[in-house]
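Taken in order, these protein sequences are the chains called A and B. Following the working numbering, the numbering of the first sequence begins with 1 at its first residue and continues without gaps. Following the working numbering, the numbering of the second sequence begins with 201 at its first residue and continues without gaps.
Watch out, some of these pointers could steer you wrong.
Said to hold, decoys possible - No more than 20 Å apart at the CA atoms, straight line, and that leaves these computed lysine to any residue pairs for SDA-like:
1) B:Lys384 to A:Glu9
2) B:Lys384 to B:Val452
3) B:Lys384 to B:Ser420
4) B:Lys384 to B:Leu470
5) B:Lys384 to B:Gly473
6) B:Lys384 to B:Gly451
7) B:Lys384 to B:Arg370
8) B:Lys384 to A:Gly72
9) B:Lys384 to A:Asp6
The set of hints was computed from the structure by calculation and includes no laboratory data. Just so it is clear, the structure is predicted and the values come from calculations on it, not from any experiment.
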Amino acid sequence: MSRLDDLFELTDHELLSAHCAGDPDAFGEIFRRHRDRMWALALRTTRDPEMAADAVQEAFIAAFRRADSFRGDAAVTTWLHRIVVNSCLDRLRRIKPVVGLPDADHGDLADKHDHHHSVDVRLDIQRALEQLPEGQRMALVLVDMHGLSITEAASILAVAEGTIKSRCARGRAAMVPLLGLPAPPDKPVSHPPKEPMASS
Amino acid sequence: MPSELPDQTAALPAERLATDIEVSTLIAPRKPVGSSPDDDQTGVRALLSALPEPDPMPAYLVERICASLAAEEGQRVVLTSGASVTPLLATARRRPGRLLFSIAGAAAAVVMIGVLGNNLLRDNQSGGVTSAASSALASAAPESRGQAPITSDDKAVSGNTLTPASIQIRVSNVRYTRATFVTKARSLADVTFDSPQPMAADSSAVGPIGTTSGLTDCLSAIGAGGAQLVQADLAFYEGQPAVIIVARTDGVPTAYAVGRGCSRADASLLHQGIVLP
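Based on the sequences and whatever the hints tell you, model everything.
Laid out in structure tokens, this is it:
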């Protein structure tokens with residue numbers, strides 16, 4: 001069995017431990033396993049391939065250097081998500097301040113939705129997401145688009161699980177008029193539950 | 201209350217997801233689950249989760265990041281090996297300024313041998329002359345040749361009975377497992393470390409066990425202090441950083457796996473000593 005086969009069988013935790021112990025190949029295997037998922041996350045967060053490329057590269061280098069700071073109380077993938085998200089948000093904040101929508105009615109994309117096809121819908125979803133405050137947008141990216149659990153998203157964004165739930169609910173509610181979707185019958189979207197403390 | 205929101209993502213078995221991630225060798229994209237109408241009555245969650253996954257990381261970016269990581273690894277090796285303690289093995293190149301010290305050292309060794317030899321001869325202990333002189337030569341010769349010793353012969357004559365006559369240390373990062381331990385340890389025992397790598401003994405990645413004295417302490421802890429020949433391989437055992445030790449006593453090789461924290465006080469034994477076939 002070759003050495004790479006050996007690496008292939010190790011868990012992420014074991015690989016990171018091996019990397020910290022000086023194994024020259026262990027981090028390469030971590031990169032191989034996670035690169036596509038981190039790339040997707042960076043793309044969804046920045047919505048700009050060039051920026052996503054820089055951010056994900058910076059994130060993997062940071063992870064390489066800071067591997068010994070990984071405490072092992074979360075999955076390695078959660079730790080990587082956090083580094084990638086922070087790298088992306090840092091870049092976004094450097095370029096422009098994030099503009100958020102007010103909490104009430106938003107606006108003007110709704111009337112354009114009668115004739116949308118799938119590509120247009122995708123673009124409109126992107127535009128609508130861009131309108132959301134950073135906290136709500138990241139919660140939706142991680143939970144609804146990236147398939148993470150509330151617990152994982154809370155860990156990545158360093159907020160309480162309740163905050164993630166609230167941000168998801170408020171973000172979804174804000175997206176409804178932006179996408180021209182009908183308001184759900186039982187839960188009026190104009191009154192999303194309040195988020196505890198800081199919203200973004 | 202936000203925590204009472206009807207969001208089934210909160211009920212996702214996080215342990216299962218984490219396990220999936222850890223076990224899978226290639227991290228596949230995850231689609232949100234639990235997107236029933238009860239989960240999100242706005243329909244936004246369903247819309248978002250239905251968006252297509254982005255393409256895999258492009259090849260140019262994979263290459264770019266791999267190159268960056270390789271550069272980081274190279275830098276790490278330099279920093280580690282250049283950081284701290286005396287390498288067990290000196291490189292062939294020496295700074296010119298050290299030449300005088302080498303010559304002076306060699307001259308001093310010759311004088312010491314002479315003095316020692318004369319003293320011993322005066323005491324009519326001819327049997328000890330050969331042994332002491334050759335030991336002194338063994339200690340002095342590598343320095344005069346511009347090479348640090350790779351064995352611990354110098355310590356062996358110092359009176360420490362626990363020090364084996366010869367210690368060889370290498371860094372292979374080979375992955376030993378319980379199942380392959382005997383086979384791989386047998387291979388280790390058959391190898392001659394004729395081109396060993398320099399090490400920084402006190403680097404955080406290696407620790408004292410990378411030094412002759414640290415390894416000697418460890419040998420005492422595992423009960424192999426009487427070995428005459430020891431081969432130590434800085435590697436991994438069952439995924440953990442470890443040192444695989446083959447200690448020969450009276451020609452019989454016994455293999456051990458210990459943690460890199462192995463010391464006189466704590467053996468950190470990972471695999472009991474087993475006599476190799």
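**Report entry** Indices of hints not satisfied (ascending)
**Finding:** Of the numbered hints, 3 and 8 do not hold.
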